[in-house]
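Protein chains: 2
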Amino acid sequence: MLPRGRPRAMGAVVLLLLLLVVGFFLFGRDPEYGLGTTATLDEKPYGSRNRSASSSQLLLPSKCEVMLHVAIVCAGYNSSREIITLMKSLLFYRKNPLHLHLITDAIARNILETLFRTWMVPAVVVSFYDAEELKPLVSWIPNKHYSGLYGLMKLVLPSILPLSLARVIVLDTDVTFSSDIVELWALFDRFSGVILLWLDRLQQTGWEQMWKLTAKRELHTLTATSLADQDIFNAVLKEHPNLVHPLPCVWNVQLSDHTLAERCYLEAADLKVIHWNSPKKLRVKNKHAEFFRNLHLTFLGYDGKLLRRELFGCPNQFPPGAEQLQQALAQLDEEEPCFEFRQQQLTVHRVHITFLPHQPPPPRPYDVTLVAQLSMDRLQMLEALCRHWPGPMSLALYLTDAEAQQFLHFVETSPVLSARKDVAYHVVYQDGPLYPVNQLRNVALAQALTPYVFLSDIDFLPAYSLYDYLRASIEQLELGSRRKAALVVPAFETLHYRFSFPNSKAELLTLLDAGSLYTFRYHEWPQGHLSTDYSRWREAQAPYRVQWSADYEPYVVVPRDCPRYDPRFVGFGWNKVAHIIELDAQEYEFLVLPEAFSIHLPHAPSLDISRFRSSSTYRNCLQALKEEFHQDLSRRYGSAALKYLTALQQSRSRA
Amino acid sequence: MLPRGRPRAMGAVVLLLLLLVVGFFLFGRDPEYGLGTTATLDEKPYGSRNRSASSSQLLLPSKCEVMLHVAIVCAGYNSSREIITLMKSLLFYRKNPLHLHLITDAIARNILETLFRTWMVPAVVVSFYDAEELKPLVSWIPNKHYSGLYGLMKLVLPSILPLSLARVIVLDTDVTFSSDIVELWALFDRFSGVILLWLDRLQQTGWEQMWKLTAKRELHTLTATSLADQDIFNAVLKEHPNLVHPLPCVWNVQLSDHTLAERCYLEAADLKVIHWNSPKKLRVKNKHAEFFRNLHLTFLGYDGKLLRRELFGCPNQFPPGAEQLQQALAQLDEEEPCFEFRQQQLTVHRVHITFLPHQPPPPRPYDVTLVAQLSMDRLQMLEALCRHWPGPMSLALYLTDAEAQQFLHFVETSPVLSARKDVAYHVVYQDGPLYPVNQLRNVALAQALTPYVFLSDIDFLPAYSLYDYLRASIEQLELGSRRKAALVVPAFETLHYRFSFPNSKAELLTLLDAGSLYTFRYHEWPQGHLSTDYSRWREAQAPYRVQWSADYEPYVVVPRDCPRYDPRFVGFGWNKVAHIIELDAQEYEFLVLPEAFSIHLPHAPSLDISRFRSSSTYRNCLQALKEEFHQDLSRRYGSAALKYLTALQQSRSRA
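Protein chains in written order, with this note's numbering: chain D, 1 to 655; chain R, 1 to 655.
Be aware that one or more of the hints could be misleading.
Here are the in silico distance ranges between beta carbons for each label pair [claimed, not checked]:
id : chain 1 : residue 1 : chain 2 : residue 2 : range
1  : R       : Arg-538   : D       : Asp-333   : 55 to 63 Å
2  : D       : Val-348   : R       : Glu-628   : 47 to 55 Å
3  : D       : Val-348   : R       : Pro-559   : 20 to 28 Å
4  : D       : Thr-510   : R       : Glu-475   : 50 to 58 Å
5  : R       : Pro-526   : D       : Ala-384   : 49 to 57 Å
6  : D       : Asn-78    : R       : Leu-512   : 52 to 60 Å
7  : R       : Tyr-464   : D       : Tyr-522   : 22 to 30 Å
Only pairs whose alpha carbons sit at most 25 Å apart, straight line, appear in this in silico SDA-like list of lysine to any residue [claimed, not checked]:
id : chain 1 : residue 1 : chain 2 : residue 2
8  : D       : Lys-272   : R       : Cys-314
9  : R       : Lys-272   : D       : Phe-92
10 : D       : Lys-238   : D       : Trp-140
11 : D       : Lys-421   : R       : Cys-314
12 : R       : Lys-272   : D       : Lys-238
13 : R       : Lys-272   : D       : Glu-65
14 : R       : Lys-272   : D       : Met-67
15 : R       : Lys-272   : D       : Lys-484
16 : R       : Lys-505   : D       : Ser-164
17 : D       : Lys-484   : D       : Ser-614
18 : R       : Lys-421   : D       : Ser-614
19 : D       : Lys-421   : R       : Arg-613
20 : R       : Lys-484   : R       : Pro-361
21 : D       : Lys-272   : R       : Leu-306
22 : D       : Lys-272   : R       : Lys-272
Please keep in mind that the hints were generated in silico from the structure rather than gathered at the bench. Positions of the beta carbon are idealized from the N, C-alpha and C atoms, including for glycine.
Turn these sequences into a full structure, and let the hints steer you where they fit.
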């Protein structure tokens with residue numbers, strides 16, 4: 001079966017091939033290059049150097065002297081996810097510096113800018129181009145899907161890429177490399193005479209007029225109702241066959257049930273690029289599907305941080321911030337007892353915001369986003385959370401690359417989760433032994449799009465009415481205009497996996513009296529919620545103000561622009577306490593809401609809490625972090641911070 | 001810093017190089033080959049085919065016609081783990097069929113036989129050779145470590161490998177490939193004239209006499225107290241320099257703080273093999289350490305099942321069982337609601353038994369091994385379990401390749417766990433969406449080495465005295481000689497993460513009466529332990545017999561040769577119930593032990609139990625599994641199995 005919109009007669013071995021060839025002649029306009037000499041831009045000449053090659057073998061430009069240019073059109077959430085697997089396979093085999101030219105919509109740009117900034121791959125330059133600018137040039141072509149427009153943009157890439165760019169390889173987002181892209185780049189040289197020829201012709205005819213004419217004729221004579229980019233490429237090149245120099249088929253092995261592709265790879269000794277352009281994707285019943293699938297899965301689950309390696313034998317080509325980071329890491333003392341903590345604090349995690357399609361909430365003045373973070377072992381909380389919180393959520397997930405794929409599968413197979421488009425999932429990729437809890441919270445918080453946020457934890461289920469109640473309370477208390485306040489949502493806990501969630505405060509109090517519910521950490525850590533004053537809450541009819549006290553860590557609703565969590569707290573302990581101190585130091589009022597509640601469900605202690613309990617080093621390091629935090633507080637708030645230090649010293653003398 | 005036992009003067013670029021060269025001339029004894037023609041063994045000729053190569057380029061034998069031979073000496077638990085990373089890197093890049101010649105001790109053989117059998121990589125043949133046979137040939141050489149003997153065995157490999165083997169590449173276990181091994185194999189051709197020469201010389205002098213003489217002289221004249229294999233290689237080749245043709249250094253880039261290696265890879269365009277022979281391993285401060293480390297980490301965490309792909313363009317070369325398995329999988333209907341269950345049941349997981357060093361328990365007639373299985377999210381149970389159970393354990397861990405490395409780190413950094421050598425950890429590698437609970441239990445059960453096993457679950461902590469008490473009870477009840485019995489260990493649960501574990505039955509009963517403890521799943525699933533008869537247990541002074549009843553699933557002590565768990569039960573539900581039915585059907589008596597108990601600690605519901613609760617398909621599939629199980633029971637036990645079916649039908653009509 002061939003993908004929709006591509007004429008069957010053209011067979012399966014066309015798309016990428018044409019794209020590459022197009023990239024070839026459209027952008028081969030550096031006149032020096034055209035005259036048979038070498039390119040003189042950001043590449044050094046390589047045509048003349050080192051090994052002699054037999055006629056059947058390609059000249060491979062060696063190592064790092066040559067910068068390769070790759071252009072990709074990428075729009076929307078799913079393509080932004082796909083492109084990462086392509087990038088991993090490309091980066092795994094490449095040995096040259098790379099300049100990516102990404103033509104993106106606003107969504108993809110937002111995602112990919114964050115991703116590449118945090119990925120910090122040496123010797124990769126990324127330039128973004130706004131796909132909006134290209135839309136008018138192709139929007140006159142009838143197209144079946146909105147997304148088809150992005151495909152058509154490949155026809156007009158020259159009008160957006162810099163004129164100085166002599167050559168570029170154009171790729172679809174759904175290809176996987178199984179070899180070094182430099183081998184593909186080297187094909188440019190092989191056909192340089194041909195390019196010269198084409199340039200002449202292009203000057204005479206003009207590519208733009210050519211494809212437009214063809215497209216219009218196709219629309220008229222064939223009474224086509226829509227045209228995809230491949231349709232136009234195919235039609236133009238059918239009329240001008242001398243424009244095409246077919247690439248060896250190994251450079252575009254298309255995965256489909258069709259047998260043309262198979263003929264290619266049975267004869268070839270080697271594959272270079274696999275193109276996942278069958279709508280059946282991984283499930284395709286190709287004889288060699290297993291080979292293809294495993295290669296694809298290899299890079300799908302590949303730990304992207306391993307690609308942060310420097311290019312072998314090249315001078316350092318650090319991405320922004322990487323050099324300072326490396327120096328800071330190098331200065332750490334491996335023998336120091338808290339080395340692990342220091343290292344974890346400095347770790348820059350790759351971040352993939354809005355990993356799944358997402359509809360941002362409409363702008364509403366009192367809207368609240370639930371903010372939380374989780375790892376794989378709390379995935380089963382998501383469905384219940386969706387039932388309890390009908391509003392927007394911003395969740396950071398701490399996952400490996402392989403787990404991110406499992407998570408994708410989990411959401412796709414859950415009717416509850418796949419129905420919710422107002423939940424934004426942000427993947428923070430795992431790196432290091434300590435859980436970077438506050439870094440995760442900050443990622444989720446930064447991506448909340450409503451004016452208020454409910455800072456919760458993943459193992460809490462809010463009262464069914466909480467979302468509505470919070471919005472009403474924010475409006476009533478006029479938080480937006482005059483007060484700087486943190487609304488406290490009192491926290492409870494159950495020890496039973498299955499229990500009837502109370503539908504009202506009255507029901508909750510009954511359960512509390514019956515001993516089926518407790519106030520949160522009543523047994524282990526009562527000071528965490530002492531200030532909330534549960535006995536006052538029982539009777540309260542209106543919000544009441546409470547004062548900060550040592551180790552207070554309530555769940556609060558605050559404006560989105562509230563202080564960030566202190567990322568130095570990694571692993572277990574004190575991560576929320578420090579944030580509440582920060583709120584108090586910045587003079588947020590703590591107002592307890594009389595009808596609000598949230599209930600913690602039981603789970604096993606995390607690995608970090610177990611380490612905290614069993615290791616005195618761990619506890620000492622946490623103590624050191626606390627002290628450094630207080631030093632910073634004193635620096636920033638002066639004598640106003642004295643009360644926190646006093647409280648810390650008192651708690652230490654008690655311990 | 002150079003590794004122990006290697007003369008500093010020889011620098012860092014020797015070991016693998018020499019090994020390869022040794023492989024070269026020692027085994028290049030096919031006379032045909034020596035006369036300059038091509039090898040005629042299990043390889044087809046490749047010297048004459050396809051592409052012409054320039055003088056500086058190597059002829060690469062194409063694809064699958066050429067079988068490559070690799071020999072590795074591997075002994076003990078740690079080398080058996082190391083070799084897997086080597087194998088993954090080798091298999092990732094290779095395009096040829098491979099014959100592995102593994103010279104192993106009993107430990108490595110046990111581990112690697114299981115691993116390769118379950119790995120099922122196409123076009124890989126594995127032959128094992130007993131290292132014991134080689135020991136007498138080298139044991140006269142004084143050596144610093146017992147393990148050094150295995151290094152010396154490389155000197156005498158010819159005496160154990162088949163005479164028909166013309167050429168073999170000899171590798172250390174601590175190398176990582178970064179290219180196709182066929183390129184290394186191709187070097188044989190390049191030096192064929194040289195090999196001919198060497199063969200002549202070897203005929204005259206004899207390699208065996210040569211190295212023995214040298215070794216003896218070294219021992220005398222240099223008053224050496226010990227010799228490692230490298231010392232001897234170095235000495236022989238110093239005396240006979242014309243025996244050596246140095247390999248290009250890219251074929252043995254040694255990772256060390258030494259700068260000789262750096263000189264190599266700064267000049268080279270490409271690396272082929274990285275040799276992890278520095279004792280500092282991953283922490284080495286080499287300028288390019290990051291590149292090396294990431295390549296190594298790539299394969300350390302690489303999902304080995306992705307290497308199950310067939311060789312590209314080669315005729316099928318199925319490992320044993322793989323073809324039938326593929327057929328069975330192909331026959332499954334993807335649209336069937338229980339497809340996921342069917343697929344999971346057929347999945348063959350890679351199994352790495354005794355992943356960490358282990359001391360088997362001394363043979364004792366009444367000894368009991370605790371058998372359980374877990375995944376990453378229960379790791380924090382291990383330390384507590386070790387404190388509660390001082391006896392041998394056999395634990396199956398369901399992990400990804402990357403998690404297995406985290407697990408290794410976890411054990412190494414835990415004083416409690418690293419002190420215990422009587423706990424055997426068996427890694428079963430993850431594959432598929434449903435937890436293969438009974439397959440895991442069977443792996444752990446099969447590896448128990450004592451006459452009795454305590455079949456427990458990872459989230460239970462046994463009474464401190466249980467290990468001693470069970471051994472005494474087995475002896476007293478004379479289980480070994482006459483009775484076929486399953487000793488029942490009554491199960492309780494706490495809902496609190498932290499609680500004081502009762503030191504006696506009396507203390508337990510007090511907690512039970514106080515409502516701090518419950519009988520296990522008292523609220524959710526009382527029938528699971530109904531037959532245990534807790535009120536009788538309160539008063540019991542002696543073991544008492546109980547009868548099977550529907551859904552009974554106690555934790556039991558049975559002889560090691562008890563029936564296996566039914567692997568069809570994947571995911572949540574009925575996995576222990578079916579096993580207890582099997583015991584009852586085989587007429588095991590259930591004897592409840594009056595002083596035995598075990599307590600379940602709280603944890604969040606697993607993903608599988610959540611899916612069971614939320615998905616009617618999941619529940620229906622479990623029901624279908626139950627029915628198939630009963631059909632099998634009837635076939636095997638006839639009318640005796642009727643009572644189980646009746647119970648099932650009754651429970652269904654109640655539901």
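Evaluation of the provided hints:
1. R:Arg-538 <-> D:Asp-333: 55 to 63 Å: holds (58 Å)
2. D:Val-348 <-> R:Glu-628: 47 to 55 Å: For Glu-628 (chain R) against Val-348 (chain D), whose Cβ atoms are near 52 Å apart, the range 47 to 55 Å holds.
3. D:Val-348 <-> R:Pro-559: 20 to 28 Å: violated (55 Å)
4. D:Thr-510 <-> R:Glu-475: 50 to 58 Å: Since Thr-510 (chain D) and Glu-475 (chain R) have Cβ atoms about 54 Å apart, the given range 50 to 58 Å holds.
5. R:Pro-526 <-> D:Ala-384: 49 to 57 Å: violated (25 Å)
6. D:Asn-78 <-> R:Leu-512: 52 to 60 Å: holds (55 Å)
7. R:Tyr-464 <-> D:Tyr-522: 22 to 30 Å: Holds, since Tyr-464 (chain R) and Tyr-522 (chain D) (Cβ atoms, about 28 Å apart) stay within the stated range.
8. D:Lys-272 <-> R:Cys-314: With a Cα-Cα distance of about 17 Å, the restraint between Lys-272 (chain D) and Cys-314 (chain R) holds, given a limit of 25 Å.
9. R:Lys-272 <-> D:Phe-92: With Cα atoms ~15 Å apart, Lys-272 (chain R) and Phe-92 (chain D) stay inside 25 Å; holds.
10. D:Lys-238 <-> D:Trp-140: holds (22 Å)
11. D:Lys-421 <-> R:Cys-314: Roughly 46 Å separates the two Cα atoms, so the pair is violated.
12. R:Lys-272 <-> D:Lys-238: violated (44 Å)
13. R:Lys-272 <-> D:Glu-65: Satisfied, since the Cα-Cα distance of roughly 21 Å is no more than 25 Å.
14. R:Lys-272 <-> D:Met-67: holds (23 Å)
15. R:Lys-272 <-> D:Lys-484: violated (62 Å)
16. R:Lys-505 <-> D:Ser-164: violated (84 Å)
17. D:Lys-484 <-> D:Ser-614: Not satisfied, since the Cα-Cα distance of roughly 40 Å exceeds 25 Å.
18. R:Lys-421 <-> D:Ser-614: Distance of about 20 Å is within 25 Å: holds.
19. D:Lys-421 <-> R:Arg-613: holds (24 Å)
20. R:Lys-484 <-> R:Pro-361: holds (24 Å)
21. D:Lys-272 <-> R:Leu-306: holds (18 Å)
22. D:Lys-272 <-> R:Lys-272: holds (19 Å)
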